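*Asks:* Sequence:
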Amino acid sequence: NVILAQRLVRKLCEEKEKYYLKESELKNLARYCDLNRILEILREEKLVKPKQTFNKIPFFRPKPTKDCPEGYKGRIGIFEVLPVTETIKDLIVKQATSDHVQAQAQKEGMRTMIEDGFIKAAQGITSIEEVLRVIIE
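If you count by the working numbering, then the sequence shown holds residues 227 to 363, one letter each, in order.
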């Protein structure tokens, strides 16, 4: 059994603007997620080099064009899949806090929605801003 959460994010058009995160942007992002964990996931997925840091990872923003006025076209899902293991089941039965359940699930390998969003942002499919827009709503 699993528990699934999903949100739809807009996909970037073919023409997009490449940029690198500034220190101030990284500090802001750290309020919403564990950047070290995300960097490790990006390494596991072989989307970044082993020693690469966030300020050297290219991300993308929408670039409005005549054919794609908003810089986005179509949508794709970002997901969070929580396998209900015996440990997770016990926590739920004991009415553990959602933070406790999430921490245990992440220890067991669950990826959060924001982590899945960062994977898609690092692949140039969507933007970090779009991921944050749908998650923070």
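Check each hint, because a few of them may be wrong.
Straight-line alpha carbon distances no greater than 16 Å define the calculated EDC-like cross-link-like pairs of lysine to aspartate or glutamate that follow [stated by the list, open to error]:
#, residue 1, residue 2
1, LYS237, ASP325
2, LYS315, ASP325
3, LYS346, ASP316
Derived CB-CB ranges, DEER-like [as the list claims (entries may be wrong)]:
#, residue 1, residue 2, range
4, GLU334, GLU271, 16 to 26 Å
5, LYS320, TYR246, 16 to 26 Å
6, CYS294, GLU334, 16 to 26 Å
Hints listed in this document are in silico derivations from the structure and should not be mistaken for laboratory results.
Keep in mind that this is a model prediction, so the values were computed, not measured.
For every residue, glycine included, the Cβ atom is placed at its ideal position computed from N, Cα and C.
*Asks:* Taking the hints in turn, state whether each one holds.
*Replies:* Checked hints:
no. : hint                        : verdict
1   : LYS237 x ASP325             : violated (30 Å)
2   : LYS315 x ASP325             : holds (14 Å)
3   : LYS346 x ASP316             : violated (33 Å)
4   : GLU334 x GLU271: 16 to 26 Å : holds (18 Å)
5   : LYS320 x TYR246: 16 to 26 Å : violated (44 Å)
6   : CYS294 x GLU334: 16 to 26 Å : violated (40 Å)
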